[in-house]
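Protein chains in written order, with this note's numbering: chain G, 3 to 58; chain Z, -19 to 405.
Source of the hints: derived by calculation from the structure; they are not laboratory data. Keep in mind it's a predicted model, so treat the numbers as computed, not measured. Glycine included, every Cβ here is placed at the ideal spot set by N, Cα and C. Incorrect hints may have been included.
Here are the simulated BS3-like pairs of lysine-lysine, each with C-alpha atoms no more than 25 Å apart in a straight line [what the hints assert, rightly or not]: (1) Z:K373 with G:K32; (2) Z:K207 with Z:K225; (3) Z:K18 with Z:K91; (4) Z:K207 with G:K39; (5) Z:K250 with Z:K155; (6) G:K39 with Z:K248; (7) G:K37 with Z:K207; (8) Z:K278 with Z:K32; (9) G:K37 with Z:K222; (10) Z:K222 with G:K32; (11) Z:K385 with Z:K248; (12) Z:K18 with G:K39; (13) Z:K248 with G:K32; (14) Z:K193 with G:K37; (15) Z:K13 with Z:K(-13); (16) G:K49 with G:K39; (17) G:K39 with Z:K222; (18) Z:K278 with G:K32; (19) Z:K207 with G:K32.
Pairwise CB distance ranges (calculated) [as the list claims (entries may be wrong)]: (20) G:G27 with Z:L(-17): 50 to 56 Å; (21) G:L33 with Z:T308: 35 to 41 Å; (22) G:W35 with Z:H249: 56 to 62 Å; (23) G:D51 with Z:T306: 30 to 36 Å; (24) G:Y7 with Z:K41: 50 to 56 Å; (25) Z:K195 with G:A44: 36 to 42 Å.
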Amino acid sequence: MLLAYIDAGSGSLIFQFVIGGIVGGLFCLKLYWHKIKNFFKANDAKKSDSQNKVEK
Amino acid sequence: MILEKVKGSFRDPSGHLFYKKEKLLRVIRPIYKNHYEKLMESGLYDQLITEKKLIPHQEYKSETLSLSGEVYKIIEPEIIPFVSYPYEWCFSQLKDAALLTLEIQKKAFSKGMVLKDASAYNVQFVDCRPVFIDTLSFEEYKPGDVWRAYKQFCQHFLAPLLLMRKDFRFSSMLKSEIDGISLDFARHQLGWKSYFSLGQLLHIHLHSMALNKYKLNESTRQLKISKNAFLGNLDSLTNTIKSIKLKKKKTQWGDYYSITNYTDESFKHKETVVRDMLQHSNPKKVWDFGANNGHFSKIAAKQGAYTIAMDIDYLAVEKNYLANKTKTGIFPLQMNLCNPTPGLGWNNSERESLMERGKVDMGMALALTHHLAISNNLPFDYIADFFSQCCDKLIVEFIPKSDSKVRFLLHSREDVYNDYNIDSF
């Protein structure tokens, strides 16, 4: 761990390690949630495209 | 060649700023060479310039300058039309500056770089658009490293925003707390409800406790965090900042123009007079004192003048900023003219006073002098002296004692203002 020209605060540096699991985990969940949402959105878009083609 | 050091540029050993006549130059020391090369070669600089998020610069090669110490490079950043400070910003200005800092940090991270500091003073505004101005803030990311500017970010942005949401007046605390509001102070002001917000619980309460509890030693120095944890922290900070919203509050001047004494006709006449005067003088820079919602500032801006719309009222500045975010040539600023921003920081010169940031071609003091003369007992010659230090020309309006607004100012005080008449004016 490198130090900076500003006072980073020892406690602040260690704290990021402590909360890393929580915020990192939440971030992963968020990414997967977006992936799932996008997957269904893409499927919906494909369905509506094919329906439009059939109607035409 | 006379080089004048920018007095607030001394903390970061990577380089510093100085003026050479009208030019602003930034010397880069050899210690920053690798980081600068990475910034320029990784595509990060080009990306941030294209998105207008970072101040553009050119490399300065025209002559060698007599500078002390080793020099790697000299760059010439674009000059910001008006330098402002976080203690002069409204809530949304500080919030936008915070979000810009986080956005830049995320973009930097995707290119293998991080911000080594997250000072609110690294952001300035061009019109109502926040711009990151510290080109030397970027450094190479070392895998496993934590964000060393995390505490500074929370002190400069998160804590002040949370407190300003409670009460606008907390923003003036940034004048005395030059490195931001300590988390310890903030957490005691926020109250028990803040424990139920994950962001506030983590980044203010627990963070503050950790600052008091933990100390680095040989084993904790070796701690490393994953990229996901790093990004997760940035994401959590972004969500927390975005969730801080201003409650609707009424202030003295928040709805000023809906309760004035002007008839539509007289207001239009005032607009015409102001427009004609501006056209006649064609100023490049205008300070609109007591600008309220910036109605007349916009007229000046339309004439091509870069206009600073100053007002004492936090909510008026907030409304003005939000209404003009997409416009050019206007920048709202919170300023108490009876106590304008003094020089602050080391030697009282690290952050410039309002007067040092003048003088401009033109000032506007519309429906203002009665407040200065009556509410603040300022003699006309004092008022004239102040304006003459700020601007070369002034559009000034006199409101007579017969006006109901002036009568209102006088109703709770003795009328000792015998000189308050058009002749003395």
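Practice task
Sort out whether G:K32 lies within 25 Å of Z:K278, counting only the CA atoms.
Solution key: Roughly 43 Å between the alpha carbons, so the hint for Z:K278 and G:K32 is violated.
Practice task
Below or equal to 25 Å on CA atoms is what counts here, so check Z:K385 against Z:K248.
Solution key: holds, 19 Å
Exercise for the section: Check the following: the C-beta atoms of G:G27 and Z:L(-17) are separated by a distance inside 50 to 56 Å. Expected result: The hint (50 to 56 Å, Cβ to Cβ) holds, given that G:G27 and Z:L(-17) are roughly 52 Å apart.
Problem - Hinted pair G:K39 and Z:K222, Cα distance within 25 Å - result: holds, 22 Å
Exercise for the section: Return holds or violated for the Cβ distance of G:L33 and Z:T308 against the range 35 to 41 Å. Expected result: holds, 37 Å
Handout entry: 25 Å limit on alpha-carbon distance, applied to hinted pair G:K37 and Z:K222
Key = holds, 22 Å
Handout entry: 25 Å limit on alpha-carbon distance, applied to hinted pair G:K49 and G:K39
Key = The hint holds at about 15 Å.
Problem - Given pair status - Z:K(-13), Z:K13, alpha carbons within 25 Å - result: Within the cut-off at roughly 23 Å; holds.
Practice task
For the pair we were handed, G:K39 and Z:K248, check the Cα-Cα distance against 25 Å.
Solution key: violated, 54 Å
Exercise for the section: Could you tell me whether the CB distance from G:D51 to Z:T306 stays inside 30 to 36 Å? Expected result: Holds - the Cβ-Cβ distance for G:D51 and Z:T306, about 35 Å, lies within 30 to 36 Å.
Handout entry: Hinted pair Z:K18 and Z:K91, Cα distance within 25 Å
Key = holds, 9 Å
Handout entry: Range agreement (Cβ of Z:H249 with Cβ of G:W35, hint 56 to 62 Å)
Key = Taking Cβ atoms as reference, G:W35 and Z:H249 lie about 59 Å apart, which means the hint holds.
Hints 1, 2, 5, 6, 12, 13, 14, 18, 24 and 25 from the earlier list are contradicted by this structure; the remaining hints agree with it.
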